[in-house]
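A.B. asks: In case you want the letters, here they are:
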Amino acid sequence: MAARIAVLAEAKDGAVRKIALEMLAEARRLAGVSGGEVDAIVLGSVPAEESTRLAQHGADRILQVEGDFLEPYATEASAEAVRVAVEHGKPETLLIGATAHGKDLAPKVAARLRVGLASDCVGFDDEAGELTARRPIFAGKAFGRVTWNEKRPRIATVRPNTFAPLDPDASRRAETERLALGNVSVRARVTGFEKSEGEMLDLTEANIIVSGGRAMQGPDNFELLRKLCKVLGATLGASRAAVDAGWIDHSHQVGQTGKVVNPTLYFAIGISGAIQHLAGMSSSRTVVAINKDRDAPIFKIATYGIVGDLYEIVPILTEELQKVLKE
Amino acid sequence: MNLLVFVKQVPDTETRIQLKGGQIDTSSVKWVANPYDEFAIEEALRIRERLGQGKVTVLSLGPDRVKEAIKYALSLGADEGVHLRGDGLALSDPLTVATVLAAAARKAGFDLILTGKQGVDHDWSQVGIMLAELLDLPHVSVVVHLEVDPTAKKGKAKREVEGGAETVEFELPAVITAQKGLNEPRYASLKGIMAVKKKVIPEWSPADLGLDASTLTEGAASIRFVDFSLPPARATGKVLEGDPREASRELVRLLREEAKVI
Numbered sequence: 030m031a032a033r034i035a036v037l038a039e040a041k042d043g044a045v046r047k048i049a050l051e052m053l054a055e056a057r058r059l060a061g062v063s064g065g066e067v068d069a070i071v072l073g074s075v076p077a078e079e080s081t082r083l084a085q086h087g088a089d090r091i092l093q094v095e096g097d098f099l100e101p102y103a104t105e106a107s108a109e110a111v112r113v114a115v116e117h118g119k120p121e122t123l124l125i126g127a128t129a130h131g132k133d134l135a136p137k138v139a140a141r142l143r144v145g146l147a148s149d150c151v152g153f154d155d156e157a158g159e160l161t162a163r164r165p166i167f168a169g170k171a172f173g174r175v176t177w178n179e180k181r182p183r184i185a186t187v188r189p190n191t192f193a194p195l196d197p198d199a200s201r202r203a204e205t206e207r208l209a210l211g212n213v214s215v216r217a218r219v220t221g222f223e224k225s226e227g228e229m230l231d232l233t234e235a236n237i238i239v240s241g242g243r244a245m246q247g248p249d250n251f252e253l254l255r256k257l258c259k260v261l262g263a264t265l266g267a268s269r270a271a272v273d274a275g276w277i278d279h280s281h282q283v284g285q286t287g288k289v290v291n292p293t294l295y296f297a298i299g300i301s302g303a304i305q306h307l308a309g310m311s312s313s314r315t316v317v318a319i320n321k322d323r324d325a326p327i328f329k330i331a332t333y334g335i336v337g338d339l340y341e342i343v344p345i346l347t348e349e350l351q352k353v354l355k356e
Numbered sequence: 021m022n023l024l025v026f027v028k029q030v031p032d033t034e035t036r037i038q039l040k041g042g043q044i045d046t047s048s049v050k051w052v053a054n055p056y057d058e059f060a061i062e063e064a065l066r067i068r069e070r071l072g073q074g075k076v077t078v079l080s081l082g083p084d085r086v087k088e089a090i091k092y093a094l095s096l097g098a099d100e101g102v103h104l105r106g107d108g109l110a111l112s113d114p115l116t117v118a119t120v121l122a123a124a125a126r127k128a129g130f131d132l133i134l135t136g137k138q139g140v141d142h143d144w145s146q147v148g149i150m151l152a153e154l155l156d157l158p159h160v161s162v163v164v165h166l167e168v169d170p171t172a173k174k175g176k177a178k179r180e181v182e183g184g185a186e187t188v189e190f191e192l193p194a195v196i197t198a199q200k201g202l203n204e205p206r207y208a209s210l211k212g213i214m215a216v217k218k219k220v221i222p223e224w225s226p227a228d229l230g231l232d233a234s235t236l237t238e239g240a241a242s243i244r245f246v247d248f249s250l251p252p253a254r255a256t257g258k259v260l261e262g263d264p265r266e267a268s269r270e271l272v273r274l275l276r277e278e279a280k281v282i
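Note that the protein sequences, when read in sequence, are chains A and B. So for the first sequence, this note's numbering puts the first residue at 30; every next one is plus one. So for the second sequence, this note's numbering puts the first residue at 21; every next one is plus one.
I should point out that these hints are in silico values taken from the structure, not numbers from a laboratory. Wrong hints could be hidden among the right ones.
Derived CB-CB ranges, DEER-like [claimed, not checked]: (1) Leu210(B) - Gly247(A): 28 to 36 Å; (2) Asp273(A) - Arg126(B): 31 to 39 Å; (3) Arg255(A) - Lys176(B): 30 to 38 Å; (4) Arg202(A) - Arg265(B): 56 to 64 Å.
Ideal Cβ positions, reconstructed from N, Cα and C, are used throughout, including at glycine.
Assemble the whole structure, with the sequences as input and the hints as a guide.
C.D. replies: Have a look at this one:
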């Protein structure tokens, strides 16, 4: 049976987020297996060029739901809007980005429709219509393959940076169908936003992460790592030890009670590599460890390691990187 | 004010996960209260203390061992605990779990429900939000700051999002899912530990909650695990020692030419 797959195209400041394009690529691949079609669901209004972008990246049709309380984000309104789009489009599968809003929205939609939700998926496999999803559990210490019951749609949230967007195809077109969101009661709404320090990308979206641990000894020494971050365009992370000591805000924590990250390059500086930290970062492509202790567990999983005093090495490394990256 | 806290019992975060017969081997696991649920318990206790009134009830769904998680919450100062019996239920299915918790919440009565943003075992991050939907309540997830005003039936929360924190204003009753940073959980006092011994923890079965257990079994689950695997072992890397300048230069070269990541 030809499967219809829908992708919720989350927008931020009028632009479709990259995760939407990543999911469109995977949706196209899955649709290709069964000869199906791909819908992009848009909540609220986005500029016309964004609809074009969705089409060029793989959407066959755009379902645009318009109504009150869709911007700024309110879970209750967005959940109902997705329900309206699902009722209209009748997808077999619905993909939602595992972003802050996506993770807040997807369980509400799944419970409303009484269907199963696989969260934080990193891979899909379609064998003759039997879809399974692969997802990390125990913060990545293990993986589980999950499958849904017969109810549709199957819903999955997809971890950012898992799939590569398709190259845009300028010849692709998609018609837009406008749907109206009825009256919804909104009992929780966003009334403000506070930006966190710096201009850094969030840990879950970062390509490069520089993390500090217990050996940072206090909040002031994180300045060294901030400098390295600046040179690399990296996001600052930390181990639980550093967070629990109060040296840095918990939003920087990488590990089982913090963020699970998958950057291309991860620096573990003065981090011994407790099992709960390794769980959160061991899917990073390249891991660099800098540690005094040659026997620290972090060296067992590091692609490259330097044994030595971080206070000596980090400034020199920052300087050397700066030289090379300036070229 | 009736405060309900849902607590899950999970393997300690120091646990090394191993497979046995294709399943997660839990034979040598140390079971603890889910770390994110600890923030929920603490917040409920603080709300009760701030208001100078109210009742904190802690509920946990699962086999007999989850009584330990309930006792732990009682030792911290929760007023009552309830064990929700999960025999034969699809406890790996968030929608099934949320269905049982919703029925338990209705039976217990509530003004505010708190739980952790996710269990650190299956990492679904779904149950608290599904619970809110099934009870037709608003929710705020991943909360790092909370203020509630029971007289005005209103609350204000901060939740963590990419690059910052959103302020969310909501109506009570509501469901809150707790993120690390919401508070600093207390330790149990000796007095608290002694007091637990006198507490009776009632058991509620699905039937006590007016649920038909046959609709909550693995066969009826919305989602289920097919199999489990461990991540591939990482190849042994290169370790550089000696002169910091030389080692740094070599590292930069490797990152550029071998790993091609900068």
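A.B. asks: A separate judgement is required for each hint: does it hold in the structure or not?
C.D. replies: Structure-based check of each hint:
1. Leu210(B) - Gly247(A): 28 to 36 Å: holds (33 Å)
2. Asp273(A) - Arg126(B): 31 to 39 Å: About 37 Å separates the Cβ atoms of Asp273(A) and Arg126(B), which means 31 to 39 Å holds.
3. Arg255(A) - Lys176(B): 30 to 38 Å: Holds, at about 32 Å.
4. Arg202(A) - Arg265(B): 56 to 64 Å: holds (57 Å)
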